[in-house]
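Visitor: Now for the letters of each chain:
There are 2 protein chains.
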Amino acid sequence: MIKTITLNSRPVGKPQLTDFKFVSEEMPKIDAGEILLKTSYISVDPYLRGRMNEGKSYIAPFELHKPINSGGVAEIVESNHPSFSKGDFVSGFLEWKEYQKSTGEGLLKITPSKTPLSAYLGILGMTGFTAYLGLTEIGAPKKGETIVVSGAAGAVGSVVGQVGKILGCRVVGIAGSEEKVEMLKKTFGFDEAINYNTTTNITEAIAAACPNGVDIYFDNVGGSISDGVLANVNHFARVVLCGSISVYNETSTPTGPRVEALLIKNSALMQGFTIGDYTKKLPEAMEQLSKWLMDGKLTFTETIVEGFDNVPQAFMDLFEGKNKGKMIVKI
Amino acid sequence: MIKTITLNSRPVGKPQLTDFKFVSEEMPKIDAGEILLKTSYISVDPYLRGRMNEGKSYIAPFELHKPINSGGVAEIVESNHPSFSKGDFVSGFLEWKEYQKSTGEGLLKITPSKTPLSAYLGILGMTGFTAYLGLTEIGAPKKGETIVVSGAAGAVGSVVGQVGKILGCRVVGIAGSEEKVEMLKKTFGFDEAINYNTTTNITEAIAAACPNGVDIYFDNVGGSISDGVLANVNHFARVVLCGSISVYNETSTPTGPRVEALLIKNSALMQGFTIGDYTKKLPEAMEQLSKWLMDGKLTFTETIVEGFDNVPQAFMDLFEGKNKGKMIVKI
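Line order of the protein sequences matches chains H and E. With the first letter of the first sequence counted as 1, position 160 gets the number 160 in our numbering; the numbers rise by one all the way through. With the first letter of the second sequence counted as 1, position 157 gets the number 157 in our numbering; the numbers rise by one all the way through.
Because the hints were derived from the structure by calculation, they are not lab data. Any given hint could turn out to be false.
As the list claims (entries may be wrong) - The calculated lysine-lysine pairs, modelled on DSSO-like cross-linking and capped at a C-alpha distance of 30 Å, are:
| hint | chain 1 | residue 1 | chain 2 | residue 2 |
| --- | --- | --- | --- | --- |
| 1 | E | Lys265 | H | Lys265 |
| 2 | E | Lys265 | H | Lys281 |
| 3 | E | Lys265 | H | Lys165 |
Generate coordinates for the entire structure from the input sequences, incorporating the hints supplied.
Guide: Here is the structure:
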C-alpha cells in the first residue's frame, strides 16, 4: 500500500492539518505506454492556497477528496514507454503520492549533475522562471535603476534580487527576520534589506534605502508592506504583481489605500504576472538561468523538509515565513 | 482695468468660491516680440483640482495668490511679433485673465472653420488627445473586445466611447443621470450605458452589460464604481487610469478593496495615463481625430457657461457632474 494526500476540506483562513487527509491505496500497475514514478521531491508553494478555494482563478481549483498536485521530481522505477527508461528522473506536475503512474505527458527529463535535482523545483524550475520572466518581461529593468523586492528571502524573491544585480540595478529586499536580512545581503548580494517585523515605518525605511526612488517593485506579498513601497515609486515605475501571500488566507476581500491616484500621478504600471502566460519564454529562461548558475553568478537556498508525512505542515509553514528560499519536501 | 482670478486658498475637500479671488489689474502693455491676447474660452478640468493642493504631482502645484492657468483659446488683439497677426486665434495654456500678454511660446495658431474654436479645448485639444492616446496606447483595443468607460458623459469619456466604436469594440458607459445615459446611447453610439445613481449593484450591472467580460476599462472616476468594473475583468485586461474625480476632493487617502490579487488572477494591467508623457504622439492624435470629425464619425458635446465671472463656479460644477462633455467658459 502507498500513501496519498487529498484535500479533505477547503481551508477557511489559514490552512489546518485537518484540511488534508492521508489515504492508503494500492501500488499502481502500469499499462503499455505508461511509466511508474517514485516521488523524490515535492514542491510546496504559496499559490497552492488559491487552488484550495472554490471558484475561478487563473488555474482550476483542487477538487475535494482528490489528491492535491504541485511541482515535483520523481524517479522512474518501471517503464513501458519507449522514451523513458528505468532510473531516469523527471520533473513536472505530480500528485501528492508516494508512487504514481503517468503517460509521461508534461514531464521533463532531467539529468542529475552538479546541480542537485531539487534545483529543478527552484532556481531552474517554475520559481526561477517566474523570477526571471516577471522581472524582465514586466519590470524591464534598465542599468542603474532601483528594484525593491518583497518576500525577498523566498524562492522567487531571492532570484529576482540576484538577477537585478546581474543586470546592473540597485536591489533592496524586504523580509521578516534579521537572519533573512543578513542572508539577503551576504549570500544574495542585495544592496540593502529591511526587516518588516522590526521596522515601524516601511515608507520611510524604503525612502532611506532607495535615495533615487523605486523604479521597479517586484511584489510577492501585498498588503501594508506594498503600501510603503508604492509611496516611493518614481515616474514610469513598474510594479510586478507576482504574489500576495499576506492576503491568501483572508476570508474577505482585504482593503487598503486606493492606488489609482498614485499610479496616475507617477504614470506607473501595475501588472499581474502568471508564469502560465509565458510558456513560450521558458526555454529562454532555463538557458539564461542555467548559464548564470554555471558561471557562479547565481546562488540559491532551499529549505528541505524530510518525509512524505510532513508535506501538509511544510505547506502551512510557508505562511509563517519558516522557509528560506524554496521550500521542498524530500520524500 | 482688467480682471484676473487667483488661488486665494488651497481647497480642503470640495473647492469653495472663497478659494478663488478676483483681482483688478492694469491692462498689460506689450513690448517688442510680444502679443496681447483677449481670452475667448477657458477650459475647466477636473485635474486642476490636484494642482490646487500643495506637494508633488505630475504637474507643479498652483502658487497661492497667483493667477490660475488652464487650457484656453484667445484672440490676438495687438501684435509686436512677426509670426502672429492681429485677428489670429491661438490655443494653449492661458492664465485666468480677461487679457494677457505672451511671447507666443507654447501657443498654437488655430483656424476658425466649420469646427468651432471651442473644439480646440475639447475633441481637438488635450481632452480629445487624452481619450485617443490613453485608449490606443495603454488600452490597445482589438476588434470585438469590450470597453467600459467611467465618467462616460464627460469630455474624455465621450470621445473614448466613440473611438472604441470606430475601432470595432463593444462599448459600455457609466454616467450619473438618465439624461446622460440616453445621450451616451443616442448621441455617442454606446452599446449600453449604466446610471450609477440608480444602480444598486454596479458589479452585476456591468456583468449584465458585458456578457463577454471587460477587456478594457477606461477609468475617469475611481472609487466604488471601479470596484464594480474590476470585478468583471477578463484575462489580460487593461485598465487605463486616466482620472479619479471621485476622490480628488478627499482630504485623506481613500481606501477600498485591494486590487493586487484580482490583477494577478487575471494577468491584468493597470497603468496611469498622463498626456504630458505623449507629446510626440500629439500630431498623430490631432490628425486622426480631425479626420474622423470631418468624416462625420465623431461628434462632441460641450457645456458652455458664459462670462469670466463664472469660471470658478463652472470648475466647481464639474464635481457635481453638471457638465455634459467638455466644460468650457466663454468669455
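Visitor: Which constraints among the numbered hints does this structure fail? Numbers only, ascending.
Guide: Per hint list: zero violations.
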